[in-house]
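Chains as they are written, first to last, in my numbering: chain V, 64 to 438; chain X, 1005 to 1312.
Errors might be hidden in some of the hints.
To be clear about the criterion: a stretch of chain V counts as covered by chain X if any three or more of its residues have a C-beta under 8 Å from a C-beta of chain X, and this derived list gives those stretches [claimed, not checked]:
{"hint": "1", "segment": "110-117"}
{"hint": "2", "segment": "229-240"}
{"hint": "3", "segment": "292-303"}
{"hint": "4", "segment": "333-343"}
{"hint": "5", "segment": "395-409"}
Using C-beta positions, here's what the derived DEER-type ranges look like [what the hints assert, rightly or not]:
{"hint": "6", "chain 1": "V", "residue 1": "Thr-222", "chain 2": "X", "residue 2": "Leu-1162", "range": "39 to 49 Å"}
{"hint": "7", "chain 1": "X", "residue 1": "Leu-1162", "chain 2": "V", "residue 2": "Gly-197", "range": "24 to 34 Å"}
{"hint": "8", "chain 1": "V", "residue 1": "Leu-411", "chain 2": "X", "residue 2": "Leu-1062", "range": "42 to 52 Å"}
{"hint": "9", "chain 1": "V", "residue 1": "Ser-421", "chain 2": "X", "residue 2": "Thr-1260", "range": "22 to 32 Å"}
{"hint": "10", "chain 1": "V", "residue 1": "Glu-423", "chain 2": "X", "residue 2": "Tyr-1012", "range": "38 to 48 Å"}
Bear in mind the hints are in silico, worked out from the structure with no lab data behind them. Ideal placement from N, C-alpha and C gives every residue a C-beta, glycine not left out.
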Amino acid sequence: MKHSTSAFSRRRFLQGSAAGAGILAAPAIISSKALASSGEVNFTGWAGYPALAEKVFPAFEAATGIKVNFKELPDQDTMFGEARVALEAGGIDVIEPTIDRVGAWHANGLLGAWDESKLAMDNYLPGLADGAAGERSRPDGVLKYVPSNWGTEALVVNTAEAKLSTPPSLGDLFNPENSVVVRPHSALAAMGRWLDATGKLPRPWMDGYTDMAAMTELWDIALAEAVKAKGNVVQWWSGENEANAGFIANGATVGLNWDSTGFNLRNEGFAYVAPVEGAFAWHQGFVLMKNAANVEQAHEFAKFVSTPEGAAGWASAFSSNPVAKGASDLMNPDVAAFYNATFNDEALSKLWWWPDQSAEFLARRAEYADKYRAA
Amino acid sequence: MQDLLRRYGPGLTLIMGLMVAFWLLMLVIIPNMTLFEQSFRPYLPVREVGGPNDTYSLDNYLKVFDGTIERSFLGFTFQIPVHVLTFWLTIWYSMVVTVICFFMAYPLAYYMAKIVNPRSLPTLILLLFIPLWVSEVLRAFAWWIILAFRGPLNWLLLNLGLIEDPIRWTNMGYTGVVIGLIYTYVLFMLFPIYNAIQSLDTNQIEAAEDLGAPWWKIHWRIVLPHSKPGIAAGSVMVFMLSAGSLLVPSILGSTTSQWFTQTINQWFNDALDWNTASAYAFLLLLLCTLFVSLAMWVFRVKLSDIAK
């Protein structure tokens, strides 16, 4: 009898403490919901750019009183995955994909519309939020995307050891005398553009981005040529760290990499070179989730990054280019000098913006990347 | 269940039962069932989900036969679907990893169970466990650094005068992946074998020695048959963990290696096609299970032997 009472009281204790823990946890659950509708914005963006949290968000909070809850993700495929989950679960207001993916995000019904009257569309540099880019930002005529910064993917070369043609070309990536670090899908596009520029393709490379039959025809050719030249690839990269390690630890001499890789390696004997065919260029910016909870704050946030101060901070964090008029005067002089060394007016006019890539295109592109990896 | 009820009473038993049910249902069964259901549906834009195009089919599973590439082996050339090839190579190199792990773990397990002084055994086990305390990511990266073109291994070999030019260890097919997987999973082979050998009566070994059996015959006729369940358990674990590993092949893979899990990951993350990715994941699970069952049948190991 006595035994059973003691067991009973132990159970009561356990039940009681479990309930107690639930009560203790409840305010945290409730208050995080309560906070969500006040002065904060849930922003999901790129990992590996610490200056955002160190400088830009505090400046934004000082200017507007809105706190940024920053979730860092390594690449935009992961962002897309998180966004699909957040469409059901909530918790994300603003995400930062690149413009070429906006079509796919829109097609998947993830995006809400920006209210242009709450933004300052005149702040943006010409060509970034108007013209062709403006049309791409407005699927079905509604503004779904505003730019945050832009940058390039071009040749990072070891100035002492790389064997470059004159002028440097994307073809140098496929020269067996160079050890290269590339990512599969970019390397195939580079091969395609190089073949296109040297007149070895039956039709323009750009056709592949709008017509799936043309895509198969062109990418088959690019794949076959790239496989022949694959022996000189010493490492794949998918993020900043791998790219960096490919040069430093694995001794690559040429790579097709982001500008941030070139910038980080500028004092290690590497230069960032625009190929004669034109550097790949990207453009990233903010999209609003369809089920965003903090819509007003999200508009304040996007607007802040279109001011000279915000745009310069954002571009400095990514070692890339600002989107706002007057921002370049506020940039870190190192970054400005780095860009000017690579891009003169001619190189700027040749920039090749990544075209829109549909979901179907991305699936086929992944298949080609697979074959290239496995070869 | 009766034991549990008698020992803890109905309240606590109910809580424990509910917690186990929650674990199984919410963390294992429902996520897997969701993926399983998704794997038969096409990848559609969100607005078309549930529409007329959203029908069940085996299309996602059949994608594994898409996209053939040309390979040559032993002088003759053939066409093979790229994902089938990846799958086969994953199984093959997982087997290589399993076999090498066995040859590394068996002598050590025997040494620990039968030869070493019992007083130094805890120290030995501790030494073996220390690497397990370090995260798998860090251990894979450590090997990446060791094997790098300008890494310590090449530096050492160059300075010893053993090689004249640095070697690209990380770019030799599956070498890096195999090294990484062995390092990560060898202990999963060691401990089951150690447990099995430990339960062998040392008198049997001594009797065999007294009767004049050579050392290899003692192992072949006495120790190996006795430790078969341990070897089987270790092999199943190492094989399944290797075939299912994503981290090690991603970090230590070369430009010519591709693990099937990386293909699944590409479907999820590059192609954004979760449906096909789910189908591939189930293919891997199903075929690996079949393969392991087949291997167990060939070696005449029963599931209940392993559970012991």
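Check the following: the C-beta atoms of Ser-421/V and Thr-1260/X are separated by a distance inside 22 to 32 Å.
-> The hint (22 to 32 Å, Cβ to Cβ) holds, given that Ser-421/V and Thr-1260/X are roughly 30 Å apart.
Three residues minimum, CB to CB under 8 Å: does the segment 292-303 of chain V make the cut for coverage by chain X? Let me know.
-> Our answer is that it holds, as 5 residues pass the Cβ test (under 8 Å) against chain X, meeting three.
Do three or more residues of the segment 395-409 of chain V come closer than 8 Å to chain X, measuring C-beta to C-beta?
-> violated (count 0)
Does the segment 229-240 of chain V contain three or more residues whose Cβ lies closer than 8 Å to a Cβ of chain X?
-> As far as the segment 229-240 of chain V goes, the hint is violated, because 0 residues have Cβ atoms under 8 Å from chain X.
Whether chain X covers the segment 110-117 of chain V (at least 3 residues having a Cβ closer than 8 Å to its Cβ atoms) | violated (count 0)
Check the following: the C-beta atoms of Leu-1162/X and Gly-197/V are separated by a distance inside 24 to 34 Å.
-> 57 Å, violated
Supplied distance hint 42 to 52 Å, evaluated on CB atoms of Leu-411/V and Leu-1062/X = At 51 Å between Cβs, range holds.
Given coverage of the segment 333-343 of chain V by chain X, tested with a Cβ cutoff of 8 Å and a minimum of 3 residues = Contact hint for the segment 333-343 of chain V vs chain X: violated, 0 residues under 8 Å.
Return holds or violated for the Cβ distance of Thr-222/V and Leu-1162/X against the range 39 to 49 Å.
-> 24 Å, violated
Honestly, do Glu-423/V and Tyr-1012/X meet the 38 to 48 Å range at C-beta?
-> 57 Å, violated
In summary, the numbered hints that this structure violates are 1, 2, 4, 5, 6, 7, 10.
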